[in-house]
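Chains as they are written, first to last, in my numbering: chain A, 78 to 219; chain B, 78 to 219; chain C, 78 to 219.
Treat the hints with care, as some may be off.
Said to hold, decoys possible - Label-pair ranges, simulated between beta-carbon atoms:
| hint | chain 1 | residue 1 | chain 2 | residue 2 | range |
| --- | --- | --- | --- | --- | --- |
| 1 | A | Asp132 | B | Gly134 | 36 to 44 Å |
| 2 | C | Tyr138 | A | Leu80 | 22 to 30 Å |
| 3 | A | Gly111 | B | Ser219 | 40 to 48 Å |
| 4 | B | Leu139 | C | Tyr138 | 26 to 34 Å |
| 5 | A | Leu80 | B | Tyr138 | 39 to 47 Å |
| 6 | A | Thr208 | C | Asp159 | 23 to 31 Å |
| 7 | B | Pro209 | A | Thr208 | 41 to 49 Å |
As the list claims (entries may be wrong) - Computed footprint of chain A on chain B; a stretch qualifies when at least three of its residues, placed anywhere within it, have a C-beta under 8 Å from a C-beta of chain A:
| hint | stretch |
| --- | --- |
| 8 | 104-114 |
| 9 | 130-140 |
| 10 | 156-162 |
No lab work stands behind these hints: they were computed from the structure. Bear in mind that the values here come from a model prediction, so they are computed numbers and not experimental data. Each residue gets a CB set at the ideal place from its N, CA and C atoms; glycine is no exception.
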Amino acid sequence: MKLYPSDDRSASFVSLERGEDLLDGLDRAVAELGLKAATLQVIGALEEASLGYFDPGASEYLTVSTGHVEIASGLGNVSLRDGAAFIHLHLVVSGPDGAAVGGHAMKGCRAFVVEAYLRTLAGPPPERKETPGTALKTWPAS
Amino acid sequence: MKLYPSDDRSASFVSLERGEDLLDGLDRAVAELGLKAATLQVIGALEEASLGYFDPGASEYLTVSTGHVEIASGLGNVSLRDGAAFIHLHLVVSGPDGAAVGGHAMKGCRAFVVEAYLRTLAGPPPERKETPGTALKTWPAS
Amino acid sequence: MKLYPSDDRSASFVSLERGEDLLDGLDRAVAELGLKAATLQVIGALEEASLGYFDPGASEYLTVSTGHVEIASGLGNVSLRDGAAFIHLHLVVSGPDGAAVGGHAMKGCRAFVVEAYLRTLAGPPPERKETPGTALKTWPAS
Numbered sequence: 078m079k080l081y082p083s084d085d086r087s088a089s090f091v092s093l094e095r096g097e098d099l100l101d102g103l104d105r106a107v108a109e110l111g112l113k114a115a116t117l118q119v120i121g122a123l124e125e126a127s128l129g130y131f132d133p134g135a136s137e138y139l140t141v142s143t144g145h146v147e148i149a150s151g152l153g154n155v156s157l158r159d160g161a162a163f164i165h166l167h168l169v170v171s172g173p174d175g176a177a178v179g180g181h182a183m184k185g186c187r188a189f190v191v192e193a194y195l196r197t198l199a200g201p202p203p204e205r206k207e208t209p210g211t212a213l214k215t216w217p218a219s
Numbered sequence: 078m079k080l081y082p083s084d085d086r087s088a089s090f091v092s093l094e095r096g097e098d099l100l101d102g103l104d105r106a107v108a109e110l111g112l113k114a115a116t117l118q119v120i121g122a123l124e125e126a127s128l129g130y131f132d133p134g135a136s137e138y139l140t141v142s143t144g145h146v147e148i149a150s151g152l153g154n155v156s157l158r159d160g161a162a163f164i165h166l167h168l169v170v171s172g173p174d175g176a177a178v179g180g181h182a183m184k185g186c187r188a189f190v191v192e193a194y195l196r197t198l199a200g201p202p203p204e205r206k207e208t209p210g211t212a213l214k215t216w217p218a219s
Numbered sequence: 078m079k080l081y082p083s084d085d086r087s088a089s090f091v092s093l094e095r096g097e098d099l100l101d102g103l104d105r106a107v108a109e110l111g112l113k114a115a116t117l118q119v120i121g122a123l124e125e126a127s128l129g130y131f132d133p134g135a136s137e138y139l140t141v142s143t144g145h146v147e148i149a150s151g152l153g154n155v156s157l158r159d160g161a162a163f164i165h166l167h168l169v170v171s172g173p174d175g176a177a178v179g180g181h182a183m184k185g186c187r188a189f190v191v192e193a194y195l196r197t198l199a200g201p202p203p204e205r206k207e208t209p210g211t212a213l214k215t216w217p218a219s
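Chain A on its own, in the form it takes in the complex:
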């Protein structure tokens, strides 16, 4: 993992090594930059992807796995969960025929080429709390 920060370190590009776990690599970038609240963008390609769909009935993630794919889109954020910086990232990936698959980035996404961008929100970070009726921790909405 290598950072390409702005002069004031309020934003940074990030490059991951081939084979690195996507979320692990981005977690290290967030820690090195000392971010607690930030927005995140990712493009590139993955050797394999694991994407989740949160089933609201069962309150659990269904998972889809892929082989080598383009990261057609990656959007996410950094906020606090249980007192620590936490990355929430959603991906759209696409295969050789372009067909697109989307979902919540799970552990097990392995970098081929990853170009990410982090920008801090210079203010109090949102804190994730349990949402009544689901197993999710989200930002309070009221």
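Keeping the supplied structure of chain A fixed, place chains B and C upon it in accordance with the hints.
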């Protein structure tokens, strides 16, 4: 709807309540922040989605509706339309098998969990004007 | 192509003319803004799209072409390649039934309506270098 603004209010995270209309909730965030020109990112999930494809022949939107989906990606902007702040948002959503559907966010997208990010463009906002040959109001390109 | 820059020109909206090549138009915006390192977001629609999947075995792009589509998502960056500013852009596009196709934006994407956003990274730009084992030039990751 709850704002998580930066100290200088130039950017903000936004969390919507379950069941809120996506565009209505984001409109209220834009109004409360006083934004006229901004960029927008959204991830999360929707109880249902309504996505449009602008048919250039018929000059009207074709609409696709879904059940519960992940917001795999949401990208948009705020600019002026008929003198008022206007949100233009495109979404990619994905279902239990990950299959991705994209388009223009229409009224009728209902929040399950919505985590949005708005950042102002500190300058004159683009103003939407009618584009000859279509029913769309877009930013003049020359 | 028309720019809608912020007062300090650190960010800008961009509108492309109907029929303009997407990458050519964005290249002109990057040149006019004098950007060397920036993040990029795009929404709108294309008269036709050409999207690539980098096949890691053959070390070449497979290409998918489409007719008129929505740009459901466009995410990218600007950095240095062979000493010059270079745009790397990934797209998710969707047709009349919403079905989404993703990949690397190639020459031959023709604008219908394009609303882009560029924000500079005020710091040393990443420089693309050949990645051993592929035909790609990427940001060194260590």
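Going through the hints against the structure:
{"no.": "1", "hint": "A/Asp132 <-> B/Gly134: 36 to 44 Å", "in the structure": "holds (39 Å)"}
{"no.": "2", "hint": "C/Tyr138 <-> A/Leu80: 22 to 30 Å", "in the structure": "holds (28 Å)"}
{"no.": "3", "hint": "A/Gly111 <-> B/Ser219: 40 to 48 Å", "in the structure": "holds (44 Å)"}
{"no.": "4", "hint": "B/Leu139 <-> C/Tyr138: 26 to 34 Å", "in the structure": "holds (31 Å)"}
{"no.": "5", "hint": "A/Leu80 <-> B/Tyr138: 39 to 47 Å", "in the structure": "holds (42 Å)"}
{"no.": "6", "hint": "A/Thr208 <-> C/Asp159: 23 to 31 Å", "in the structure": "violated (49 Å)"}
{"no.": "7", "hint": "B/Pro209 <-> A/Thr208: 41 to 49 Å", "in the structure": "holds (47 Å)"}
{"no.": "8", "hint": "104-114", "in the structure": "violated (count 0)"}
{"no.": "9", "hint": "130-140", "in the structure": "violated (count 0)"}
{"no.": "10", "hint": "156-162", "in the structure": "violated (count 0)"}
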